[in-house]
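**Q** Construct all of the structure, not just a fragment, from the sequences and the given hints.
Protein chains: 2
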Amino acid sequence: MSKMSSLVSSLILAGSVSVASAWEALPNKAPEPANNPTTPEKVKLGQILYHDPRLSSTGTVSCASCHNTMLGGEDNRPNSMGVNGQTGGRSAPTVWNSAFNEVQFWDGRAASLEDQAAGPVTNPIEMGMKSWDDVVARLKSIEGYQALFEKAFGKDSISKDNATKAIAAYERTLITPNSPYDKYVKGNKNAMTEQQVRGMEKFAEIGCGGCHSGAAFNGPGMFQKFPVFSNGFFNAKYKFVKDKGRAEVTKKESDKNFWKVPTLRNIAITAPYFHNGSVKTLDEAVKIMAKMQLDKDLSKDEIADIVAFLNALTGEFPKQQMPALPATPGTTVN
Amino acid sequence: MSKMSSLVSSLILAGSVSVASAWEALPNKAPEPANNPTTPEKVKLGQILYHDPRLSSTGTVSCASCHNTMLGGEDNRPNSMGVNGQTGGRSAPTVWNSAFNEVQFWDGRAASLEDQAAGPVTNPIEMGMKSWDDVVARLKSIEGYQALFEKAFGKDSISKDNATKAIAAYERTLITPNSPYDKYVKGNKNAMTEQQVRGMEKFAEIGCGGCHSGAAFNGPGMFQKFPVFSNGFFNAKYKFVKDKGRAEVTKKESDKNFWKVPTLRNIAITAPYFHNGSVKTLDEAVKIMAKMQLDKDLSKDEIADIVAFLNALTGEFPKQQMPALPATPGTTVN
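Heads up: the sequence lines are chains A and B, in that order. Heads up: the first sequence is residues -11 to 322, going by the numbering used here. Heads up: the second sequence is residues -11 to 322, going by the numbering used here.
If you are wondering where the hints come from, they were derived from the structure by calculation, not from laboratory data. Predicted model only: the values in this text are computed from it and were never measured. We treat Cβ as the ideally placed atom computed from N, Cα and C, and that holds for glycine. Please note that a few of the clues may not be correct.
Derived EDC-like pairs: lysine to aspartate or glutamate, alpha-carbon spacing no greater than 20 Å straight-line [stated by the list, open to error]:
{"hint": "1", "chain 1": "B", "residue 1": "Lys128", "chain 2": "B", "residue 2": "Asp149"}
{"hint": "2", "chain 1": "B", "residue 1": "Lys307", "chain 2": "A", "residue 2": "Glu29"}
{"hint": "3", "chain 1": "A", "residue 1": "Lys118", "chain 2": "A", "residue 2": "Asp103"}
{"hint": "4", "chain 1": "A", "residue 1": "Lys307", "chain 2": "B", "residue 2": "Glu29"}
{"hint": "5", "chain 1": "A", "residue 1": "Lys139", "chain 2": "A", "residue 2": "Glu12"}
{"hint": "6", "chain 1": "A", "residue 1": "Lys177", "chain 2": "A", "residue 2": "Glu12"}
{"hint": "7", "chain 1": "B", "residue 1": "Lys268", "chain 2": "B", "residue 2": "Asp231"}
{"hint": "8", "chain 1": "A", "residue 1": "Lys268", "chain 2": "B", "residue 2": "Glu131"}
{"hint": "9", "chain 1": "B", "residue 1": "Lys268", "chain 2": "A", "residue 2": "Glu131"}
{"hint": "10", "chain 1": "A", "residue 1": "Lys177", "chain 2": "A", "residue 2": "Glu189"}
Listed next, the stretches of chain B that the computed footprint assigns to chain A, with coverage defined by at least 3 CB atoms under 8 Å from CB atoms of chain A [unchecked claim]:
{"hint": "11", "region": "22 to 32"}
{"hint": "12", "region": "71 to 84"}
{"hint": "13", "region": "308 to 315"}
**A** What follows is the structure in structure tokens.
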């Protein structure tokens, strides 16, 4: 979806909840780039790589450690813990439905899932590998990976490019459709409770959909300032403006405190909230968003209704077989 | 199996490889204690608890972090990494087939899988929870656990006792039968290579089976001194005697450097070796064991043969569905 069409649908959303066509159900399939079509062999390899802690310097941290596929796709921590107990300043975004983000990371610094997958592996406080050459060397030392890469990409194909392609292909399968909201917008009017429908209407009425638009409620491709309206109390309590967000990447003052609009899919199970994971409950997060983005003071009932609606965005998680990681015979990670 | 019968079969093993009845295939089912019969509901709950990092203080370390069910049941590290990057002095034993150990931990300080499961959770350098009361409080705060415990143990049943029973019930399903060795001793003489058969004969001939007896090659219930024969070179290099082993528990001088005999099942994929994980390759481990336990100098060919045989002990790993951990709505682990 282009920024323009996203904006149009947002305006429609903001206008009236009765424009049913503006509410989109989550597709069952994610878009895939021309240079990395999804294949079962890539997905299988990607699932294995994603769950393999040997992609980290200590052999203890896999992609799944912080983006846990057994949970809501993240770690329920304010910030994640990488190798040797190190922590960073940002909260792990969920991997579920990340295929519907047009850019990745909180600051949107990766243009694709493939680009994103390359980052944490060599980040010194995340997975801590010195270089992708070291990662490739380690993968080559694990016999089983030769065959897995060969099936997915052809002979002698272990490389950074193919590893990240496989991980991205796997991530494109991590979609959670059939939430109560999806069933509701597809026509099952009993799929949401009355309170959830009230919350949905309030969500549109006050303008949440101005940014949280589209099937994944992530205003695909959209960056937004947070907070828009300064608030001394919340700022002091949660230190939202300390991290400059997108400006850390672009070095432009105009990007200060701008962030990729995060998905609201499964938001009820991915506490804590915001880029710094400083807010523990969804009630508080909704209150803050209304006040700091829309300059609105919501009543307790209105907050409860919107939270009820957000709970209707929790989807069905696909059943996965636990991957069997290829063994490391006769050697160790450190 | 009692210590006596274990001893008898060991003596038979040591005598001649032709006594086929002394070679036992791995049972498909583990023995279970009278007070914790295995049920599907317990196994399901146990699998979830086993993989839930919220059983640790930081929310980052689960049982599976160090005893990885996607790998050889451990972490391929000399010692494991617990919360906040802390490490201990011993190497994580494999969880696969641990149901066939009569005692647990390297020093045998836990008499059952249930007892074992309680330990790491509150160990400050492993999972770091302050107390089991805290663990139970956290489990109670996660709504989905109420229903899971109710199905397994009845209403309002979240407790340390039941959590560890569920984990133990799950662990009793982690069995890897049908290794080439198992097929061979069941009559398929093509299941092992000639070299593996030579290695098997050498294994028996030099007396490895004196301790590594029984279906799991763990001399069930048996403690043994390691090293028996001191060796200045190996001791200096690998510091085997620094850790007093069982004497750390019993405080008896006679237990100094005594250890539970570990299983050899899947040993080829659980490097590094020994209680301190100081030896990286199986070749070196076999050389050391022959020299320091049996005072034998093996030739390179003999070592290669025994290593080939040990590779025949890698079994079939049961396919598991990835557990969906109950969500933590509106709250966080720290």
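**Q** Honestly, which of those hints from before does the structure not fit?
**A** Result: hints 5, 11 break, sorted rising.
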